[in-house]
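**Q** Given the coordinates of chain F, assemble chain C onto it according to the supplied hints.
Number of protein chains: 2
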Amino acid sequence: MKKGDRYGLHRVIEPAGAMPQPAWRIDNTPICYSNEILIDVETLNIDSASFVQMRNQANGDVNKIAEIMRKTVADRGKHHNPVTGSGGMLIGRVEQIGEDLCGKVNLEVGERIATLVSLSLTPLTIDEILKIDTDRAQVDIKGKAILFESGLYAKLPADLPDKVALAVLDVCGAPAQTARWVQKGQTVVVLGAGGKSGLLVLRQARLSAGPEGRIIAVEYGEKGCQLLRGLGWADEVINLDATDAVSVMRAIERATNGQFADVTINCVNVPGTEMSSILATRDEGMVYFFSMSTSFTAAALSAEGVGKDITMVIGNGYTKGHAELSLSLVRECPELLRIFSEKYA
Amino acid sequence: MKKGDRYGLHRVIEPAGAMPQPAWRIDNTPICYSNEILIDVETLNIDSASFVQMRNQANGDVNKIAEIMRKTVADRGKHHNPVTGSGGMLIGRVEQIGEDLCGKVNLEVGERIATLVSLSLTPLTIDEILKIDTDRAQVDIKGKAILFESGLYAKLPADLPDKVALAVLDVCGAPAQTARWVQKGQTVVVLGAGGKSGLLVLRQARLSAGPEGRIIAVEYGEKGCQLLRGLGWADEVINLDATDAVSVMRAIERATNGQFADVTINCVNVPGTEMSSILATRDEGMVYFFSMSTSFTAAALSAEGVGKDITMVIGNGYTKGHAELSLSLVRECPELLRIFSEKYA
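Chain order of the listed sequences is F and C. Letter 108 of the first sequence, counting from 1, is numbered 108 in the UniProt record's numbering, and no numbers are missing. Letter 24 of the second sequence, counting from 1, is numbered 24 in the UniProt record's numbering, and no numbers are missing.
Simulated from the structure, these hints should not be mistaken for laboratory data. We treat Cβ as the ideally placed atom computed from N, Cα and C, and that holds for glycine. Don't take every hint at face value.
To be verified - Taking lysine to aspartate or glutamate pairs in the EDC-like style, the calculated list, with each CA pair at most 16 Å apart, reads: (1) C:K155 <-> C:E42; (2) C:K155 <-> C:E111; (3) F:K196 <-> F:D170; (4) F:K163 <-> F:D133; (5) F:K320 <-> C:D309; (6) C:K320 <-> F:D309; (7) C:K142 <-> C:D40; (8) F:K320 <-> C:E284; (9) F:K142 <-> F:E95; (10) C:K320 <-> F:D283; (11) F:K142 <-> F:D40; (12) C:K196 <-> C:E342; (13) C:K320 <-> F:E284; (14) C:K142 <-> C:D127; (15) C:K3 <-> C:D27; (16) F:K184 <-> F:E212; (17) F:K320 <-> C:D283; (18) F:K64 <-> F:E128.
To be verified - Covered stretches of chain C, going by a simulated chain F footprint (3 or more residues, C-beta under 8 Å): (19) 16-29; (20) 111-122; (21) 149-155; (22) 234-248; (23) 287-301; (24) 308-320.
Isolated chain F (complex conformation):
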């Protein structure tokens, strides 16, 4: 067995010298290098933007969607939509573990895993397309995929439905980062606490800050707030538009007796909430931006504009142990399992 590059550079064909994700074409030969994992694929979870684009291009015809998918993989060696630039993830069974990884990865041949790196960088072959679920953007196939040494994955738990596990894994970086940064007794503000990542973050914030901590959830809309109040994890639930910086500041000032948050975690899925996050946070506190709508320049310039000496962290989707931590959160909390089963599965 030959050894490949940790990041998969040995499979890049075109352009030479690129990383696998930005590369146009990679080598999808389903033969394992000594530091790769070969996966027998069951299902592709296509990124929503990518699937909608293909469905439109195919006028909703599943046979044409299948044709587009085969062409993408034939052209590029990966399911990297050339129009949207996005990928998705996959579920499959471990078929082979390269010899250099044996003993290093906590995996056995035959186990079911979900990849946590994008399909846009994952070598993939499709032998047959079995079923296209147009509602869920899920495609059952016969095929093989390769996971690089640096590639992230999670074992699919036997005790949770696949779809619940996938929904949790999709945002598992956020609660794991919460566990890393939030200390016992701290005051934590969660913006957008009623969404998928917000719920996991809120639960973890309560656990990490402990009963002596103070947790404030901000969510827009009475329905979401009622759900959060019913859960009882936050000391206070505030119904507010997180783009309204002045209102958020005043509400958090009141809720914290003017102390503001030690840590603010932004899980809002709309743009324009940087200033709210900054104003909710005490001097020398920290803001953790998990929202993909965050603007780097808005965050940097807003903090300077109000003279706030705070640490602003870019949400890294990966933290060690993030998948296990998030799945445990759901496993150990019946309300969370119920909400994820009803809303996201």
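**A** Below, chain C without anything else, positioned relative to chain F:
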């Protein structure tokens, strides 16, 4: 004296409830609230994008530029260019310090200061436009400005030329953050080390890491690299395009014997250098993005794509003591003073 809001909300006219920066119009009455500072303005340093726009609109006619400036301030109560959205900063003399700030700010009436918050949120009146320097985008005026309680400023040092001080103050957050994060003995990579912020960061990194630390400077172009080698602050100077992630990774791997950087500081002024920063950094290390060209999503998705558990920090332009630290760096280092005098003043 009435007391105003810390962030200047009491001066917002339109739209109600906005922060002063996004507000269309603010109250520029040059009368000090008890927590404001009144400044007798000498010079406006107009943001470059804003000045170019006005010069074009005026076909280069300084009288027309003056007219546009007066109209902007009359309409908005601040020199907030309605086309570019940008501001600039100003130099002036402290005329009055609100009574609630006396003893709290280290300032005296008559001292010369530069504001470190944008003109786009600074209440300003213009009585007379004295001189427009179209090469430097500097406008000497008679007028008054207001600094809010949260507003940042720096005393202009008597021992440095104004223009050197302004160039240093423009980027003073970067070396101050370097001093906060870099520890003795660490390995530090500075990307874009030959630019204005890069030079200050490189100098501070050497001081903070000490002789036992390892400092690696990456700069694109042989001329810049020769300058850096001549300074002798970096243990190694590498001539590389920071957008080429694979080359940067390999160069840093070699320069660090495969250990990579504890801290990587990105001062590059072009887009597309997020992956290089991530790959240059060791697992559980830190990347500090000072470049305004940074894309939030590129950083977040790149780290996940390569499974790198690192902390990525958004460069906050403000850190306590940032102006003093940066001016001292230049004052105490004749080479830095010479370069700033030649290149940026």
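**Q** If a hint holds in the structure, say so; if it doesn't, say that too.
**A** Hints versus structure:
no.	hint	verdict
1	C:K155 <-> C:E42	holds, 14 Å
2	C:K155 <-> C:E111	holds, 7 Å
3	F:K196 <-> F:D170	holds, 9 Å
4	F:K163 <-> F:D133	holds, 13 Å
5	F:K320 <-> C:D309	holds, 7 Å
6	C:K320 <-> F:D309	holds, 7 Å
7	C:K142 <-> C:D40	holds, 8 Å
8	F:K320 <-> C:E284	holds, 9 Å
9	F:K142 <-> F:E95	holds, 13 Å
10	C:K320 <-> F:D283	holds, 10 Å
11	F:K142 <-> F:D40	holds, 8 Å
12	C:K196 <-> C:E342	holds, 12 Å
13	C:K320 <-> F:E284	holds, 9 Å
14	C:K142 <-> C:D127	holds, 5 Å
15	C:K3 <-> C:D27	holds, 15 Å
16	F:K184 <-> F:E212	holds, 7 Å
17	F:K320 <-> C:D283	holds, 10 Å
18	F:K64 <-> F:E128	holds, 14 Å
19	16-29	holds (count 4)
20	111-122	holds (count 4)
21	149-155	holds (count 3)
22	234-248	holds (count 4)
23	287-301	holds (count 9)
24	308-320	holds (count 13)
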